[in-house]
Amino acid sequence: MAFHLGCLRALHDRGLLGKVRVLSTVSGGSVIGACYAYSSDDFVTFDRKLVELLRKGIQRMILRELLTSAQGVKILLTLVVSGLPSAILWCLSSILCVCRTLTGAPTRRIERALVAFRQSLPVWGSLTTAFEQALKKLFGSNTVLDVARPDLHVVINACDLKTGTAFRFGSQRSGAWRYGKVVGPAPTVAKAVAASAAFPIILPPLIETFQFSKAGNTKVQTVVLTDGGVFDNLGVSVLEPGRDGDITDTYPVTHIISLNAGPGQLDGGDHPFWCVGRVTKSFEAVHRKSQDHVYSRLHRHVETGELDGFGMVYLGQQDHRLPYKPPDLVTRDTVRDYPTDFAPISVKDLSLLTMRGEQLTHIIIDRYLPQL
Amino acid sequence: MKSDGQAWALEQLSEIVQASFGSLEVLDTVEPTEDGEAVLVSLSVDCSGYPRKPGGIPFRSRERLLLKLPANFPLELPRLDFAHKRYGDFSHVQWGSYICLYQAPDSEWQPEDGLFGYMQRVDDWLRAAAADELDPAGMPLHPPVTYAVSSLKIVPTQDTPVPEPPFWAGYAKVTRENENRIELGEWVESSGAIPDGRLAAAVLLPNGMPHEYPKSVSGLLDELNARGVPIQIIRLMIQLGVLRSESGQPLIFILGAAMRGIAGGQRLQHLAAWRIDAQRVDEMRAAIRAATDDNASDVAEFYDWAVKANIEWCSVYEDRPEIVTRRDAESASAWWKGRHVVLLGCGAIGSAVAMLLARAGVGKLQLYDKDSVKPGVLVRQLFDRYQIGANKAKATAQNVRYANPAVEALSSPADIVRLLEVPERRADILAADVIINATASTTVATSLEKQFRTWPKLHPPIISMALGHKADQSLMTMAFQAVPGITLDLDRRAKVALSNLAKGKHVLDEFWPVTPDRTRLFQPEPGCSSPTFRGSAADVMALTALMTNVASRWLAYPSMVVARARSFDLTGQRTGGLNEFEFEWPSDIILVDGRNSYQIRVTQTALSGMRAWMRKSERVNGRRVETGGILFGHVDEFLKIVWVDEISGPPPDSVQSSTAFVCGTAGVSEVNAEKTKRTRKSVAFVGMWHTHPGGIPLPSDTDYSAMTNLLTSDEFQAKRFLMIIIGADSSRPLISGTVFERADYQ
Numbered sequence: 001m002a003f004h005l006g007c008l009r010a011l012h013d014r015g016l017l018g019k020v021r022v023l024s025t026v027s028g029g030s031v032i033g034a035c036y037a038y039s040s041d042d043f044v045t046f047d048r049k050l051v052e053l054l055r056k057g058i059q060r061m062i063l064r065e066l067l068t069s070a071q072g073v074k075i076l077l078t079l080v081v082s083g084l085p086s087a088i089l090w091c092l093s094s095i096l097c098v099c100r101t102l103t104g105a106p107t108r109r110i111e112r113a114l115v116a117f118r119q120s121l122p123v124w125g126s127l128t129t130a131f132e133q134a135l136k137k138l139f140g141s142n143t144v145l146d147v148a149r150p151d152l153h154v155v156i157n158a159c160d161l162k163t164g165t166a167f168r169f170g171s172q173r174s175g176a177w178r179y180g181k182v183v184g185p186a187p188t189v190a191k192a193v194a195a196s197a198a199f200p201i202i203l204p205p206l207i208e209t210f211q212f213s214k215a216g217n218t219k220v221q222t223v224v225l226t227d228g229g230v231f232d233n234l235g236v237s238v239l240e241p242g243r244d245g246d247i248t249d250t251y252p253v254t255h256i257i258s259l260n261a262g263p264g265q266l267d268g269g270d271h272p273f274w275c276v277g278r279v280t281k282s283f284e285a286v287h288r289k290s291q292d293h294v295y296s297r298l299h300r301h302v303e304t305g306e307l308d309g310f311g312m313v314y315l316g317q318q319d320h321r322l323p324y325k326p327p328d329l330v331t332r333d334t335v336r337d338y339p340t341d342f343a344p345i346s347v348k349d350l351s352l353l354t355m356r357g358e359q360l361t362h363i364i365i366d367r368y369l370p371q372l
Numbered sequence: 001m002k003s004d005g006q007a008w009a010l011e012q013l014s015e016i017v018q019a020s021f022g023s024l025e026v027l028d029t030v031e032p033t034e035d036g037e038a039v040l041v042s043l044s045v046d047c048s049g050y051p052r053k054p055g056g057i058p059f060r061s062r063e064r065l066l067l068k069l070p071a072n073f074p075l076e077l078p079r080l081d082f083a084h085k086r087y088g089d090f091s092h093v094q095w096g097s098y099i100c101l102y103q104a105p106d107s108e109w110q111p112e113d114g115l116f117g118y119m120q121r122v123d124d125w126l127r128a129a130a131a132d133e134l135d136p137a138g139m140p141l142h143p144p145v146t147y148a149v150s151s152l153k154i155v156p157t158q159d160t161p162v163p164e165p166p167f168w169a170g171y172a173k174v175t176r177e178n179e180n181r182i183e184l185g186e187w188v189e190s191s192g193a194i195p196d197g198r199l200a201a202a203v204l205l206p207n208g209m210p211h212e213y214p215k216s217v218s219g220l221l222d223e224l225n226a227r228g229v230p231i232q233i234i235r236l237m238i239q240l241g242v243l244r245s246e247s248g249q250p251l252i253f254i255l256g257a258a259m260r261g262i263a264g265g266q267r268l269q270h271l272a273a274w275r276i277d278a279q280r281v282d283e284m285r286a287a288i289r290a291a292t293d294d295n296a297s298d299v300a301e302f303y304d305w306a307v308k309a310n311i312e313w314c315s316v317y318e319d320r321p322e323i324v325t326r327r328d329a330e331s332a333s334a335w336w337k338g339r340h341v342v343l344l345g346c347g348a349i350g351s352a353v354a355m356l357l358a359r360a361g362v363g364k365l366q367l368y369d370k371d372s373v374k375p376g377v378l379v380r381q382l383f384d385r386y387q388i389g390a391n392k393a394k395a396t397a398q399n400v401r402y403a404n405p406a407v408e409a410l411s412s413p414a415d416i417v418r419l420l421e422v423p424e425r426r427a428d429i430l431a432a433d434v435i436i437n438a439t440a441s442t443t444v445a446t447s448l449e450k451q452f453r454t455w456p457k458l459h460p461p462i463i464s465m466a467l468g469h470k471a472d473q474s475l476m477t478m479a480f481q482a483v484p485g486i487t488l489d490l491d492r493r494a495k496v497a498l499s500n501l502a503k504g505k506h507v508l509d510e511f512w513p514v515t516p517d518r519t520r521l522f523q524p525e526p527g528c529s530s531p532t533f534r535g536s537a538a539d540v541m542a543l544t545a546l547m548t549n550v551a552s553r554w555l556a557y558p559s560m561v562v563a564r565a566r567s568f569d570l571t572g573q574r575t576g577g578l579n580e581f582e583f584e585w586p587s588d589i590i591l592v593d594g595r596n597s598y599q600i601r602v603t604q605t606a607l608s609g610m611r612a613w614m615r616k617s618e619r620v621n622g623r624r625v626e627t628g629g630i631l632f633g634h635v636d637e638f639l640k641i642v643w644v645d646e647i648s649g650p651p652p653d654s655v656q657s658s659t660a661f662v663c664g665t666a667g668v669s670e671v672n673a674e675k676t677k678r679t680r681k682s683v684a685f686v687g688m689w690h691t692h693p694g695g696i697p698l699p700s701d702t703d704y705s706a707m708t709n710l711l712t713s714d715e716f717q718a719k720r721f722l723m724i725i726i727g728a729d730s731s732r733p734l735i736s737g738t739v740f741e742r743a744d745y746q
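Just so you know, the protein sequences line up as chains A and B, in that order.
1 is the number of the first residue of the first sequence in this note's numbering; add one for each residue after it.
1 is the number of the first residue of the second sequence in this note's numbering; add one for each residue after it.
Hints in this document: simulated from the structure, not taken from any laboratory.
Please note that the accuracy of each hint is not assured.
A partial selection of chain A residues facing chain B, derived with a Cβ cut-off under 8 Å [claimed, not checked]:
hint, residue
1, Asp13
2, Arg14
3, Gly15
4, Val44
5, Phe46
6, Glu303
7, Pro326
8, Pro327
9, Asp328
10, Asp366
11, Arg367
12, Tyr368
13, Pro370
The beta-carbon is built from N, C-alpha and C at its ideal position, and this holds for glycine as well.
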């Protein structure tokens with residue numbers, strides 16, 4: 001978020017922030033994106049409030065929700081009523097699976113029944129719902145339709161784990177192509193941001209039920225929402241040229257500026273062997289490769305003239321590949337390991353991260369989008 | 001012996017007859033006795049089912065048709081006739097009985113459909129003919145028929161007068177002729193003064209003629225007489241035409257009838273041309289000269305001839321604007337029609353552009369080139385061998401006139417640079433609708449920049465075209481008056497823009513090479529020729545045609561507030577992606593240096609950059625603190641222009657306060673080196689900028705002192721320094737520029 005704040009400062013200083021017509025956000029970027037889009041504060045006030053939020057950290061807000069609201073009780077109840085039995089049921093079905101494999105015993109139907117029962121156990125609260133409650137302190141009861149900036153469309157990207165497809169909360173419409181458009185009350189900004197930023201390795205998915213309308217039919221469906229970065233880490237899918245507007249959200253744009261706080265290339269120092277480590281690294285590898293493909297596609301769109309311009313402002317950018325290096329450049333190595341865990345940020349780290357964001361934005365726009 | 005095609009057709013015909021339940025009957029079939037002969041089929045068609053409307057052909061309940069199947073059916077179309085000539089007066093029925101089924105057989109006839117397709121067409125035709133829908137509203141009328149027997153072609157080039165009843169009689173001037181064609185120009189009414197020169201007699205009718213024109217003179221005179229045209233008038237006009245023809249020349253008689261146009265729309269004149277051969281013209285001339293007031297022997301001689309003579313009809317090749325829709329009317333090239341164009345340089349590009357514009361119907365072409373046609377250039381320039389030694393501008397004008405005599409082609413062998421020095425000549429050039437600079441000369445580009453920058457009037461769009469060293473790439477720019485900078489300036493902008501694009505390197509390498517293999521010059525005749533490029537006529541024509549087309553689009557859909565550049569690529573070495581680039585630049589901010597009279601051109605990008613740093617300073621330091629940075633661009637001492645293309649914010653070691661901005665130097669040389677290298681020396685350090693928050697943008701005493709210190713010290717080596725000051729604030733900046741010369745302090 002601090003890196004993004006620096007980027008927004010540069011865009012503001014260049015007079016570009018007010019010209020942005022579509023803000024498509026993913027993961028942690030959804031927090032700062034929503035802070036900007038759903039507030040009518042002037043930039044200096046927005047900047048000051050965001051610095052305060054970063055210094056305070058969202059972690060503490062989540063913790064306060066856990067300890068001082070009903071969220072803690074709900075989570076405890078979920079753990080007792082659903083979590084513990086769920087673990088027991090998982091163990092039981094695993095044992096049956098092993099038996100079946102070794103002896104050929106006909107247990108498959110029982111296993112399936114156990115899985116179905118496990119999935120039907122109630123979820124009253126989770127860290128993500130606590131996160132959502134914490135975000136309500138920031139966004140109140142605003143819905144995704146209540147964009148406060150003029151002529152700005154907002155798309156907050158999440159991913160539905162049930163169908164493995166994008167689920168988008170938007171100021172024009174919310175929903176997913178598999179389910180249709182959300183009808184009835186518009187989702188709150190807090191819910192959208194919580195779903196979009198529920199990084200699956202740390203936070204459980206947000207389970208929500210919406211009424212959808214598709215091809216004239218209305219249906220109530222439950223979705224399992226996680227971090228939008230799982231599906232589209234840059235959130236640019238809705239902006240890409242050539243998409244069929246009848247099937248999915250499209251926002252035709254002339255230029256795309258991608259603000260990406262990812263750390264960039266892996267340094268190669270780890271030896272992930274055990275389960276958690278190797279799954280995490282595998283996730284990162286797939287994630288990075290997918291991101292590279294999207295970048296390369298966007299560059300191609302510019303080459304073929306389908307986009308007028310594309311600028312990639314990337315925290316993990318290799319410094320030696322920058323068009324030029326200002327003498328006071330905050331280097332990649334200085335900030336790349338800063339965690340994206342919503343913890344309180346020190347003045348020094350805040351300064352370094354925002355400055356790198358600001359510097360890289362100027363450099364990229366100077367060189368690749370000078371016409372803006 | 002039937003051919004395979006004929007056998008196939010008869011099989012299909014049999015199937016059609018079976019399926020028609022009596023609507024179609026075969027009465028008789030005559031098969032060929034020898035290879036190559038046609039099959040003749042007599043058909044009876046039930047026409048009672050075709051609804052008849054007024055004006056439609058009054059078919060009988062059954063009509064007899066004669067079908068002639070050629071041996072190479074279906075590659076050759078069958079012929080279909082009525083078995084009688086009752087419908088010969090209807091359009092679409094020719095030679096009395098022939099049924100005109102297809103307007104454009106090459107595109108309408110599908111051989112694979114065979115006789116099924118053909119008989120379907122017959123059915124459609126009969127239905128439409130009965131309902132008088134063969135010329136449906138909005139579609140072109142079927143023209144009347146004259147069966148041309150002369151090989152001479154008549155080309156009317158001007159719209160005819162609209163004849164008032166009962167008729168219009170007069171002449172058409174013969175403007176050009178050779179053994180193939182006679183071109184007709186202005187129409188002159190007989191009641192007015194008869195012009196000098198060769199004339200064709202003409203009668204224009206406000207109504208129609210029979211669909212088939214008479215074949216004999218007497219028949220024609222009867223038809224005209226029936227339409228109120230006295231025979232004497234025709235005789236007198238023919239005789240006057242005869243007198244205006246020299247011995248050995250034929251006479252042309254034009255007959256117009258209101259039978260041309262769109263069904264349901266206004267009827268225009270359909271022109272037919274009758275050629276009276278030279279021998280007969282000589283005979284008539286002799287008769288006229290032999291006649292006296294007492295003995296009008298020429299009149300008797302005329303009628304004697306008219307009674308027995310046949311008409312030699314000629315083909316009419318229409319070139320009247322009211323009839324012919326230009327084939328390029330909907331293309332961007334239509335923009336050039338009637339325009340006044342100045343073309344500087346008639347070499348590879350210029351000679352080709354001139355011909356393209358001539359065909360596009362340009363009104364006036366002013367051509368300039370001081371060189372002559374040499375044998376070596378014939379390989380790729382549009383000159384003919386007989387033109388060797390001729391001035392290129394003159395030879396191009398000659399070619400233009402040959403292609404389109406309507407173009408006013410003027411040529412001058414003057415040196416363009418010297419010509420531009422003369423105000424009157426400069427005014428001639430500026431009177432054009434567009435100027436095309438095809439010289440590829442930096443001297444001409446510099447001269448255009450110098451002369452037009454200070455010209456008090458508007459200049460027309462100036463398009464510059466240049467080819468790469470192998471004629472497989474080209475670069476074109478277009479300057480507008482509203483945007484400062486012409487060829488030289490726009491080439492430079494294109495270079496800077498390309499230097500920012502990784503994929504633009506091949507264009508940069510082509511037009512601004514830095515490697516030794518590309519800086520070596522190609523002299524086709526070593527020691528005796530100017531350096532030039534390698535490439536063929538095909539290369540040159542392909543690129544020139546592309547450039548002309550894009551220029552046409554730019555001009556047809558102009559955006560007057562931007563200058564443009566575009567590269568073209570026919571190398572074929574890169575696949576996919578974009579290997580051509582187009583740029584648009586809005587107008588610069590123009591500052592006038594009051595100290596040394598430089599014109600300072602600050603790009604919008606540079607200004608936007610300075611405002612961004614101002615906003616940052618206002619946001620971080622408050623509105624009273626000065627900020628500033630470095631200016632990068634280029635200085636042309638001769639033209640007295642300073643370009644500011646890129647800027648930087650304050651170097652990290654700068655000192656900012658509400659009373660002064662002391663610009664640091666940390667990292668400046670590295671940034672300067674990067675810009676110089678990237679832009680191949682087009683962008684480098686030219687000075688500094690700073691703000692006077694809330695104040696006026698004029699140098700303060702502190703600024704003057706700083707300049708004195710800078711330009712009298714040995715540390716700063718440059719000859720001049722540009723100082724840009726921005727007053728007020730970032731939302732409404734006031735900006736000034738001053739160039740301080742080292743020489744001012746010595």
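Q. Which of the stated hints cannot be reconciled with the structure, identified by number in ascending sequence?
A. Number 5 only.
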